[in-house]
Amino acid sequence: MEKLSNKEKMKIPRQKMPEQEPLIRNMNFSEVNLGFTPELAQQEALRCLECKTQNCIEGCPVRVQIRDFISLVAVGDFLGAARKIKEDNLLPAICGRVCPQEEQCEVVCVTGKKGDPVAIGRLERFVADYERVNVGFVKPELKPRNGRKVAIIGSGPAGLSCAGDLIQMGYEVTVFEALHELGGVLIYGIPEFRLPKEIVKYEIDNLAKLGVEFITNAVIGRTDTIDELFEDGYDAVFAATGAGLPYFMNIPGENLIGVYSANEFLTRINLMKAYRFPDYDSPMIDVKGKNVAVIGGGNTAMDAVRTAKRLGAINAYIIYRRSEKEMPARIEEIHHAKEEGIEFRLLENPIEFIGDEFGWLKQAKIQKMELGEPDSSGRRRPVPIKGSEYLLDIDLVVIAVGNGSNPLISQTTPDLQVNKWGNIIADEKGATSKEGVFAGGDIVTGGATVILAMGAGRSAANAIDEYIKKKFEIPTEAAN
Amino acid sequence: MFKIIHAEFLAPDIKLFQIHSPKIAKKRKAGQFVIIRVDEHGERIPLTIADSDAVKGTVTIIVQGIGKTTKQLNEKNTGEFISDIVGPLGKPSEIENYGNVVVIGGGVGTAIAYPTAVALKKAGNHVISIIGARNKELVILEKEMDETSNEVFVTTDDGSYGMHGFVTDKLTQLINEGRKIDFVLAIGPIPMMKRVSEVTKPHGIKTVVSLNPIMVDGTGMCGGCRATVDDKTVFVCVDGPEFDAHKVDFENLTLRNRAYLTQEKSSLEKFIANHEEAFKSGSIEECKIEHGPRY
Numbered sequence: 001m002e003k004l005s006n007k008e009k010m011k012i013p014r015q016k017m018p019e020q021e022p023l024i025r026n027m028n029f030s031e032v033n034l035g036f037t038p039e040l041a042q043q044e045a046l047r048c049l050e051c052k053t054q055n056c057i058e059g060c061p062v063r064v065q066i067r068d069f070i071s072l073v074a075v076g077d078f079l080g081a082a083r084k085i086k087e088d089n090l091l092p093a094i095c096g097r098v099c100p101q102e103e104q105c106e107v108v109c110v111t112g113k114k115g116d117p118v119a120i121g122r123l124e125r126f127v128a129d130y131e132r133v134n135v136g137f138v139k140p141e142l143k144p145r146n147g148r149k150v151a152i153i154g155s156g157p158a159g160l161s162c163a164g165d166l167i168q169m170g171y172e173v174t175v176f177e178a179l180h181e182l183g184g185v186l187i188y189g190i191p192e193f194r195l196p197k198e199i200v201k202y203e204i205d206n207l208a209k210l211g212v213e214f215i216t217n218a219v220i221g222r223t224d225t226i227d228e229l230f231e232d233g234y235d236a237v238f239a240a241t242g243a244g245l246p247y248f249m250n251i252p253g254e255n256l257i258g259v260y261s262a263n264e265f266l267t268r269i270n271l272m273k274a275y276r277f278p279d280y281d282s283p284m285i286d287v288k289g290k291n292v293a294v295i296g297g298g299n300t301a302m303d304a305v306r307t308a309k310r311l312g313a314i315n316a317y318i319i320y321r322r323s324e325k326e327m328p329a330r331i332e333e334i335h336h337a338k339e340e341g342i343e344f345r346l347l348e349n350p351i352e353f354i355g356d357e358f359g360w361l362k363q364a365k366i367q368k369m370e371l372g373e374p375d376s377s378g379r380r381r382p383v384p385i386k387g388s389e390y391l392l393d394i395d396l397v398v399i400a401v402g403n404g405s406n407p408l409i410s411q412t413t414p415d416l417q418v419n420k421w422g423n424i425i426a427d428e429k430g431a432t433s434k435e436g437v438f439a440g441g442d443i444v445t446g447g448a449t450v451i452l453a454m455g456a457g458r459s460a461a462n463a464i465d466e467y468i469k470k471k472f473e474i475p476t477e478a479a480n
Numbered sequence: 001m002f003k004i005i006h007a008e009f010l011a012p013d014i015k016l017f018q019i020h021s022p023k024i025a026k027k028r029k030a031g032q033f034v035i036i037r038v039d040e041h042g043e044r045i046p047l048t049i050a051d052s053d054a055v056k057g058t059v060t061i062i063v064q065g066i067g068k069t070t071k072q073l074n075e076k077n078t079g080e081f082i083s084d085i086v087g088p089l090g091k092p093s094e095i096e097n098y099g100n101v102v103v104i105g106g107g108v109g110t111a112i113a114y115p116t117a118v119a120l121k122k123a124g125n126h127v128i129s130i131i132g133a134r135n136k137e138l139v140i141l142e143k144e145m146d147e148t149s150n151e152v153f154v155t156t157d158d159g160s161y162g163m164h165g166f167v168t169d170k171l172t173q174l175i176n177e178g179r180k181i182d183f184v185l186a187i188g189p190i191p192m193m194k195r196v197s198e199v200t201k202p203h204g205i206k207t208v209v210s211l212n213p214i215m216v217d218g219t220g221m222c223g224g225c226r227a228t229v230d231d232k233t234v235f236v237c238v239d240g241p242e243f244d245a246h247k248v249d250f251e252n253l254t255l256r257n258r259a260y261l262t263q264e265k266s267s268l269e270k271f272i273a274n275h276e277e278a279f280k281s282g283s284i285e286e287c288k289i290e291h292g293p294r295y
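From first to last, the protein sequence lines are chains A and B.
Counting from 1, position 78 in the first sequence corresponds to residue 78 in this note's numbering; the numbering is continuous, with no gaps.
Counting from 1, position 229 in the second sequence corresponds to residue 229 in this note's numbering; the numbering is continuous, with no gaps.
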């Protein structure tokens, strides 16, 4: 194939992601994005200028060799591209779907300076799906076992990426999961229509095939403590328990029936499959033809409100106290939500929930806001407008204003330092105040993204490797 | 999958299970609970641990078949399996030597109160137990309670056994007789716990109840089990399940527990219909049901 000039490359438009039609998909739970065809993928890959200085790698928390995998896609070597990605990222089918590429690799893409950046995320997803569908699991090289054991607490993105790296380095790895199913937020939090659970299960099965041991129904802090894990023979522990304590708003009426945390609402639907009640036993309040409001402007809020629409809500609102510009959600999620008929009530904030005599939510008292001076986050502070309150009919409300840290581990591990929000204090490699204990992901940073958690898992794997080799005087070569 | 090492009916619709789960058996303390899931399509339900055997590695739960999940569980027999059991969850009971304590168990709540009665006795308390049930057939753990208590009283709603009346009638009687009571633990249906709380409050008797809200994960992640205690919101799964009865908002708890009544009803009806079908076609044998679930 003849090489295109940069000028010709720049002329190719960014390829659009095929999607389900908005008014069809808002009635089903199947994936919204349908994925590139091989033709679309190759066409998109041709847009990459193959820069010498690879800004895109710098933008990626796990440093995927983006230029090199895209070059392989451009020539049609999709499996080679998959192998190239997996040198740095074991879970591309997940990252290709849920990473905020527009803030990471794509924002620094040189093609994007004059036009649209290369659709790196869509290509990553295509390559991972292509390999899964056409070849299945390809076992990577594993180093010989070194006889050292690592316990990982939590099977979310941080735990899985750490497990994947350590198993390849030669460790025996056990992942402890509190719930009955593996995957953490990938399973209970992110809905099927954005990340099919089958893909998460496939990736976890592959880690199991590499030898990672998974134990469900194990609540560390209750079933075992961290100290007991050491007594059981683990040489190091990685705490990746996520941000699992929902914040409420502390306003009147919050304990009415119909007021949910985003965690509960999404867990009932995604993990417990309440949308398939009564085939599955866990119920959800029927919202068909009802009014649902989701409070918050992040990705979790978008997931919740789009879920509510799919459950049949006649009106599904986002209520957010700032303007759209300040919303932390990905642009794509906001765009998809709007297409699906979600109504955005911006610069508004509930100050009270009102119920009937049976304790059921009926209305919310909403206060209008305006933007004032920037606050510590750099975003303009929302200021209430006096006398602007009005009543909005609502049958179900989902509070999606963020999560704190679950205290079960810190309560039972007194020598593990936490900050005032209960987040475990760890250095940039994941080392904590307690010897042999590392931490990463949302339990350290507070609620963030899947890929940042995966990056933390990777850093911790390297730090754990270094720690164990030093402690047990394992020569680096012998471990290889 | 977790094996049921032993299962037996204690009373109609009330079944005892010993489930193999060595870690929970070793760790659990009085007042803690487990969450179980019967099968792959099952919901997660909390059940307080009634007893455990660290040597056999079993956890004992006592289940009253009320809704779909508990009825389905009560059809399980020795040697069969459940999908999941996780725990021990929640804070253990606060055990002290209070002096004279009254432990009240209403219905299957007796099973929940039992381990704490054992712990209170061990701590040196004079333990008076009151077991309440609708009728004689439904009285459970009388022998066990007797072994761990200094005095045991039984009340039945219909008078078929023990004192005719409610547990609160017996409690009021003890108070009126001038018995010195330093601490009351009351576990059972919400109206019973509320009534006990009303009886002890004017006398300033410290009273603890174990709350039973709807839960999902049981680890503090979802907030579905929140209750109002002392005008503040608590997560029963991690802050409880035991609380100062005089500070609990029982109304709110009652209302919140009704959130899924419609769905619970339809789920149970479907289960019963399917069950009858299976029964007719012979895929379920009658002998398996012992004197258990009756529809």
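What the hints contain is simulated information worked out from the structure, not anything from laboratory work.
Treat the numbers as computed from the prediction; the structure is a model and nothing was measured.
Where hints are given, some of them may not hold.
To be verified - Straight-line alpha carbon distances no greater than 25 angstroms define the calculated BS3-like cross-link-like pairs of lysine-lysine that follow:
{"no.": "1", "chain 1": "A", "residue 1": "K7", "chain 2": "A", "residue 2": "K86"}
{"no.": "2", "chain 1": "A", "residue 1": "K420", "chain 2": "A", "residue 2": "K386"}
{"no.": "3", "chain 1": "A", "residue 1": "K11", "chain 2": "A", "residue 2": "K139"}
{"no.": "4", "chain 1": "A", "residue 1": "K471", "chain 2": "A", "residue 2": "K434"}
{"no.": "5", "chain 1": "B", "residue 1": "K232", "chain 2": "A", "residue 2": "K273"}
{"no.": "6", "chain 1": "A", "residue 1": "K362", "chain 2": "B", "residue 2": "K3"}
{"no.": "7", "chain 1": "A", "residue 1": "K149", "chain 2": "B", "residue 2": "K23"}
{"no.": "8", "chain 1": "A", "residue 1": "K288", "chain 2": "A", "residue 2": "K338"}
{"no.": "9", "chain 1": "B", "residue 1": "K91", "chain 2": "B", "residue 2": "K76"}
{"no.": "10", "chain 1": "A", "residue 1": "K139", "chain 2": "A", "residue 2": "K7"}
{"no.": "11", "chain 1": "A", "residue 1": "K11", "chain 2": "A", "residue 2": "K86"}
{"no.": "12", "chain 1": "B", "residue 1": "K91", "chain 2": "A", "residue 2": "K273"}
{"no.": "13", "chain 1": "A", "residue 1": "K273", "chain 2": "B", "residue 2": "K206"}
{"no.": "14", "chain 1": "A", "residue 1": "K149", "chain 2": "A", "residue 2": "K470"}
{"no.": "15", "chain 1": "B", "residue 1": "K71", "chain 2": "B", "residue 2": "K265"}
{"no.": "16", "chain 1": "B", "residue 1": "K206", "chain 2": "B", "residue 2": "K122"}
{"no.": "17", "chain 1": "A", "residue 1": "K288", "chain 2": "B", "residue 2": "K122"}
{"no.": "18", "chain 1": "B", "residue 1": "K265", "chain 2": "A", "residue 2": "K290"}
{"no.": "19", "chain 1": "B", "residue 1": "K232", "chain 2": "A", "residue 2": "K420"}
{"no.": "20", "chain 1": "A", "residue 1": "K16", "chain 2": "A", "residue 2": "K143"}
{"no.": "21", "chain 1": "B", "residue 1": "K27", "chain 2": "B", "residue 2": "K91"}
{"no.": "22", "chain 1": "A", "residue 1": "K139", "chain 2": "A", "residue 2": "K52"}
{"no.": "23", "chain 1": "A", "residue 1": "K365", "chain 2": "A", "residue 2": "K338"}
{"no.": "24", "chain 1": "A", "residue 1": "K273", "chain 2": "B", "residue 2": "K23"}
{"no.": "25", "chain 1": "B", "residue 1": "K280", "chain 2": "A", "residue 2": "K362"}
{"no.": "26", "chain 1": "B", "residue 1": "K27", "chain 2": "A", "residue 2": "K149"}
{"no.": "27", "chain 1": "B", "residue 1": "K71", "chain 2": "A", "residue 2": "K434"}
{"no.": "28", "chain 1": "A", "residue 1": "K143", "chain 2": "A", "residue 2": "K429"}
{"no.": "29", "chain 1": "A", "residue 1": "K420", "chain 2": "B", "residue 2": "K56"}
{"no.": "30", "chain 1": "B", "residue 1": "K122", "chain 2": "B", "residue 2": "K27"}
{"no.": "31", "chain 1": "A", "residue 1": "K139", "chain 2": "A", "residue 2": "K9"}
{"no.": "32", "chain 1": "B", "residue 1": "K136", "chain 2": "B", "residue 2": "K122"}
{"no.": "33", "chain 1": "B", "residue 1": "K26", "chain 2": "A", "residue 2": "K288"}
{"no.": "34", "chain 1": "A", "residue 1": "K325", "chain 2": "A", "residue 2": "K386"}
{"no.": "35", "chain 1": "B", "residue 1": "K71", "chain 2": "A", "residue 2": "K365"}
{"no.": "36", "chain 1": "A", "residue 1": "K149", "chain 2": "B", "residue 2": "K71"}
{"no.": "37", "chain 1": "B", "residue 1": "K71", "chain 2": "B", "residue 2": "K122"}
{"no.": "38", "chain 1": "B", "residue 1": "K71", "chain 2": "B", "residue 2": "K280"}
{"no.": "39", "chain 1": "A", "residue 1": "K139", "chain 2": "A", "residue 2": "K114"}
{"no.": "40", "chain 1": "B", "residue 1": "K194", "chain 2": "B", "residue 2": "K270"}
Status of each hint after checking the structure:
1. A:K7 with A:K86: 31 angstroms, violated
2. A:K420 with A:K386: Violated, at roughly 33 angstroms.
3. A:K11 with A:K139: Distance ~39 angstroms between K11 of chain A and K139 of chain A Cα, so the pair is violated.
4. A:K471 with A:K434: 15 angstroms, holds
5. B:K232 with A:K273: Distance of about 31 angstroms is beyond 25 angstroms: violated.
6. A:K362 with B:K3: Between K362 of chain A and K3 of chain B the Cα gap is close to 45 angstroms, so the pair fails against 25 angstroms, i.e. violated.
7. A:K149 with B:K23: 20 angstroms, holds
8. A:K288 with A:K338: 19 angstroms, holds
9. B:K91 with B:K76: The hint is violated at about 29 angstroms.
10. A:K139 with A:K7: Violated: K139 of chain A and K7 of chain A sit about 40 angstroms apart, past 25 angstroms.
11. A:K11 with A:K86: With Cα atoms ~30 angstroms apart, K11 of chain A and K86 of chain A exceed 25 angstroms; violated.
12. B:K91 with A:K273: This hinted pair is violated, its Cα atoms lying about 29 angstroms apart.
13. A:K273 with B:K206: Roughly 42 angstroms between the alpha carbons, so the hint for K273 of chain A and K206 of chain B is violated.
14. A:K149 with A:K470: 15 angstroms, holds
15. B:K71 with B:K265: The hint holds at about 13 angstroms.
16. B:K206 with B:K122: Distance ~19 angstroms between K206 of chain B and K122 of chain B Cα, so the pair holds.
17. A:K288 with B:K122: 54 angstroms, violated
18. B:K265 with A:K290: Answer holds: K265 of chain B to K290 of chain A is near 21 angstroms, not above 25 angstroms.
19. B:K232 with A:K420: Status holds; Cα separation ~21 angstroms.
20. A:K16 with A:K143: 41 angstroms, violated
21. B:K27 with B:K91: 12 angstroms, holds
22. A:K139 with A:K52: Not satisfied, since the Cα-Cα distance of roughly 31 angstroms exceeds 25 angstroms.
23. A:K365 with A:K338: Roughly 24 angstroms between the alpha carbons, so the hint for K365 of chain A and K338 of chain A holds.
24. A:K273 with B:K23: 29 angstroms, violated
25. B:K280 with A:K362: 45 angstroms, violated
26. B:K27 with A:K149: Between K27 of chain B and K149 of chain A the Cα gap is close to 23 angstroms, so the pair holds against 25 angstroms.
27. B:K71 with A:K434: With a Cα-Cα distance of about 47 angstroms, the restraint between K71 of chain B and K434 of chain A is violated, given a limit of 25 angstroms.
28. A:K143 with A:K429: 22 angstroms, holds
29. A:K420 with B:K56: Outside the cut-off at roughly 42 angstroms; violated.
30. B:K122 with B:K27: 18 angstroms, holds
31. A:K139 with A:K9: 35 angstroms, violated
32. B:K136 with B:K122: 29 angstroms, violated
33. B:K26 with A:K288: 46 angstroms, violated
34. A:K325 with A:K386: Between K325 of chain A and K386 of chain A the Cα gap is close to 23 angstroms, so the pair holds against 25 angstroms.
35. B:K71 with A:K365: 42 angstroms, violated
36. A:K149 with B:K71: Since the Cα atoms of K149 of chain A and K71 of chain B sit roughly 42 angstroms apart, the hinted pair is violated (cutoff 25 angstroms).
37. B:K71 with B:K122: 35 angstroms, violated
38. B:K71 with B:K280: Since the Cα atoms of K71 of chain B and K280 of chain B sit roughly 18 angstroms apart, the hinted pair holds (cutoff 25 angstroms).
39. A:K139 with A:K114: Roughly 40 angstroms between the alpha carbons, so the hint for K139 of chain A and K114 of chain A is violated.
40. B:K194 with B:K270: 33 angstroms, violated
Checked against the numbered hints given earlier, this structure breaks hints 1, 2, 3, 5, 6, 9, 10, 11, 12, 13, 17, 20, 22, 24, 25, 27, 29, 31, 32, 33, 35, 36, 37, 39 and 40; the rest are met.
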